[in-house]
Amino acid sequence: MRLEHWFYALPLRLRSLLRRSRVEAELDEELRGHLELQAQAFVESGMNPEEARWAAQRAMGSVESHKEECREARGVRLLEEFVGDVRYALRGLRRNPSLAAVVVVSLALGIGANTAIFSVLDAVLLARLPVRDPDRLVLLTWSAPKWPAAYMDDLEGSSYKTAEAPGTTSYSFPSTAFHEFERRATRLSSVVGFAANDDHVNVGLDGRAEDALVQAVSGGYFEAMGVAPALGRLILPADDSDRAPPVVVVSYRFWQRQFGSDRAVAGRPIVVNGTPATVAGVAPPDFFGFERGNPPDLWLPLSVYTAQWTRLSPEERLDDPRVWWMGVIGRLKPGATREQAAAELAAIFSSGLTAQPGKGETSPAPQLHVTPASRGLEHLQRRFATSLLLLMAMVGLLLAIACANVAGLLLARAAARRQEIATRLSLGAPRQRLVRQLLVESTVLAVLGGAAGLAVAYWAAAVLVGFFAESRNRILLDVRLDGRVLLFTVAVSVACGVLFGLAPALRLTRSAALSLGPGDRRTGIAARSRSGKFLVALQVGLGLVLLVGSGLMLGTLRRLQTVDVGFPRERLLVFDVKPGLNGYEGQRLADYYEELTRRVAAIPGVESVAFSLLGPIGSGESSGMLEIPGVSPPGTRLDYHRHIVSPGYFGALGVPLLAGRSIGAQDTATAARVAVVNRTFVEQYFHGTNPLGHVLRQGPADKPFDAEVVGIAGDVRYNQVRDAAPPTVYFSYRQASPRPDYIPFFMNYLVRTKGDPRSVQLELQRAALSLDKDVPLVNVRTEEAVIEQVLFLERAFAWLTTAFGAIALVLAAVGLYGTISYTVAQRTREIGVRIALGATRAAILSWVLRQTALVVLIGIAGGIPLAWAATRLLRSHLFELSPSDPATLFAAVTAILLASLAAILVPARRATLIDPVVALRYE
Amino acid sequence: MSRPPDLVQGTLQLLVLKILALEAMNGWAISQRLKQVSGEVLQVSDGSLYPALHKLEQQGFIRSEWRPSENNRRAKFYSLTRLGRRHLERESADWERLSAAISAIVRLNEA
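Chain order of the listed sequences is S and L. Be aware that the first sequence starts at 7, since it is given in the working numbering, and climbs by one per residue. Be aware that the second sequence starts at 192, since it is given in the working numbering, and climbs by one per residue.
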């Protein structure tokens, strides 16, 4: 119909829908009026009134069938019937609320878990950067089969392993390479650089000190990203110069939090690590830079960053081609391909590389790669890809279990309604009409399940985001529920509901009219009961897979939580101080550290105190290469992990000293440089010979940086709980640098307490403020909390898999309960006969148990090989636990057996209590 | 003609529209008029008129309102809408063309 037709038709249709009884009354009146007028006409033409009425009636024909035709003409009949079907379906659900509840809850869990996990997966793995045309962005990386020591002294940022290139991959380049790329690249419309390290800075605002995450970028960064400021302006090329006044751009979140959403923020002063600067503007709300989950609070021009770096670490120059610290991102010119850009940039890169003699000449030159950067730096992707895909697979299993559960229940109901359907068919209900009604019932269930699923998804996604936010790196995710997955999961569950709710009904409606009598109910029941049992076995099998998975993850978490990290983690408080940011340096800085140590040690309740550059676990890592003259083969360098520590460190941390002496107060800047190595270092590099007295050599050949081994300490895990202790070397913080007066500008303190570590927290702050009121203690936390944070992924995984396993177990138990109840109900007569013939209650009970055992054992038998295959995928997540750990498998099987027993308790009892007299009258 | 009922239906619609083009009428009056004009050629039972009227109303060709009728009871009176008038003109023209063509063919065969 055309628009104009609707203009007339729409009000009529709405009226027939909404004022149905009125419309019906009018139809009646109209037809009656016709009969009266016709009769009157006949009377006028000479008939008697009685005759006239009959004649008028005859001329009209069947009033009811004409009414029906008129209703048909209204065109809303389908809709009316649909509304009726929905009402009928809802009434049916109210009559049988437990079935409805189980179906809706099953669907809600299946749909909700899938939607939530996929939404997080989408936010972490798939979502693209919110910048202009992200597909044209490329990230420059290099890879080398061995650490390229000949070309680089220091790498700032991160290096990692990828599947594409052997050895090490990193995106940190020297600034010299960046300038060459910028000057000579012809395939890129823009080349922008950023500091590969993300740094925390002290920000001063109106006299308050705040901690902020800063990202330093080259002047063309925001222009190349194509983002528009929310307020003020962004960093411009002119800002990235030593002569330009320092400016910062603040993130939207920082602007809301620290500036109270002040619209006049542009031009306000801000102090960054003691350097006064001006706020230029505010970045748009959804912009987070290149790294998802780790949004900076501030963006600075590289010129400001370089100036601050030079002030804090003067011995290392950022324009040195051997210091690799800059990430480089480019935008492909229209028409240019990634391959063309790679060929050109690789040539530029290798022409700038020069190997320095005496520094591992054997290391091959790094190779340049140009990788797509539409998703940013992909740190999160690398860290969480396998975990999220595994979780996705698990919720997929959960959906399968939920569908099997729904299918089983609807199958049972369809069989139970055989009688009703047969009756309606034989009373003349059109078959198509019945099918439509059954379809509506399944759809109503699916819609309710979908709605509940949406609620579950919202909640679950919030929990997941919370897990990420609690991690050590405070990963902040912006997760939006994914409509596609919601639709997909709803479609899958509707399909399975329709398939299992409708198919048996269809089969029944074809034959049911013929078989109204109670005689031949057996065949249908046998078929239904077979597929019902198969569905329960399937649930048991899939549930076993999830249970084994969750058992393994729980076992892993427990082992990680209790593994010996090399020191007692109880009663240990850690915190950071950064007096270097307040201008302390050299001897003054050392005095500060020593004095703070003395004041903290004097607090009642404190047992011992020490400090180190990096905290014991979960504070990052620092590594280097050294030679051991006379021990290591000449020309090869050995990897080691470094700790820069204060006197008394081993005592405070509780690390046993195995030989020699520890680092003490005598190891000052002017004393001979000493080192303590750990047991693994001795085993790997000294092969068990006595290391004491040997020299560890680093630095360039003309200016060696030597230290004498004076002690051996016990092994302590380094940064990660999961990894065994690496070869580790401890140096005194006074002797850590080739420059004698250099002292690191921040330190991590360890405070061993006598009682609850949190009880001294207040006194600690007071001690620090009494020393210098402008140097705050930051990040005060217990080491136990730190380790929990380090284990966040394992904890999240263990929680989620346990939740999935528990849900699967409950669903399987419900399915089993339904099936066995149904079997018992259908066989009431048979059981009655048996009891009448002298079967004991025990025999009946064992019959029910046999029915159950068969289904459950088939499920377990199928589930074990499935679990064996599936848990291989978990291997990388496990810790000191084999994927086919027998204890875990045993526990999972036991859980299923116990749940099965609980599930059949009620139907089994019902079976044994059947009264033969009642049962024989049952049908 | 494979579907005579459609033809009859279409013809009935056309006739009803034509009748209503002159003045608004109630269903009974329309049925009287139909008998009058078509005589024995079109057998339309009184009852099947109403579904046709309701359908025309749904299509927007006619509209209805309740008014007092000859016997002092109220009756539903149908009248043509603008859309219906246009439809009638178009359909009449089509009908003229079609019947002219058929007449020509029939005469050709006779010759």
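FYI, nobody ran anything at the bench for these hints, they're computed from the structure. Nothing here was measured: the structure is a model prediction, and the numbers come from that model. Just so it is clear, CB atoms sit at the ideal spot from N, CA and C, and this is done for glycine as well. It is possible that part of the hints are untrue.
Within a straight-line C-alpha distance of at most 27 Å, the following computed BS3-like cross-link-like pairs (lysine-lysine) qualify [to be verified]: (1) L:LYS226 <-> L:LYS246; (2) S:LYS73 <-> L:LYS209; (3) S:LYS167 <-> S:LYS152; (4) L:LYS209 <-> L:LYS226; (5) S:LYS709 <-> S:LYS152; (6) L:LYS209 <-> L:LYS246; (7) S:LYS167 <-> L:LYS246; (8) L:LYS226 <-> S:LYS73.
Away from chain L, derived, C-beta distances all over 10 Å, residues of chain S [stated by the list, open to error]: (9) ALA47; (10) HIS72; (11) GLU78; (12) SER164; (13) SER196; (14) ARG317; (15) LYS760; (16) GLU794.
The hints, checked one at a time:
1. L:LYS226 <-> L:LYS246: Holds, at about 20 Å.
2. S:LYS73 <-> L:LYS209: holds (24 Å)
3. S:LYS167 <-> S:LYS152: holds (12 Å)
4. L:LYS209 <-> L:LYS226: holds (14 Å)
5. S:LYS709 <-> S:LYS152: holds (25 Å)
6. L:LYS209 <-> L:LYS246: holds (16 Å)
7. S:LYS167 <-> L:LYS246: Measuring from Cα to Cα gives roughly 74 Å; hence the hint is violated.
8. L:LYS226 <-> S:LYS73: Distance of about 22 Å is within 27 Å: holds.
9. ALA47: The claim is violated: S:ALA47 sits with its nearest Cβ about 8 Å from chain L, within 10 Å.
10. HIS72: violated (4 Å)
11. GLU78: Answer for S:GLU78: violated, closest chain L Cβ roughly 7 Å.
12. SER164: holds (71 Å)
13. SER196: holds (61 Å)
14. ARG317: S:ARG317 is indeed farther than 10 Å from all Cβ atoms of chain L, at 82 Å.
15. LYS760: holds (90 Å)
16. GLU794: holds (70 Å)
Going through the hint list in order, the structure does not satisfy hints 7, 9, 10, 11.
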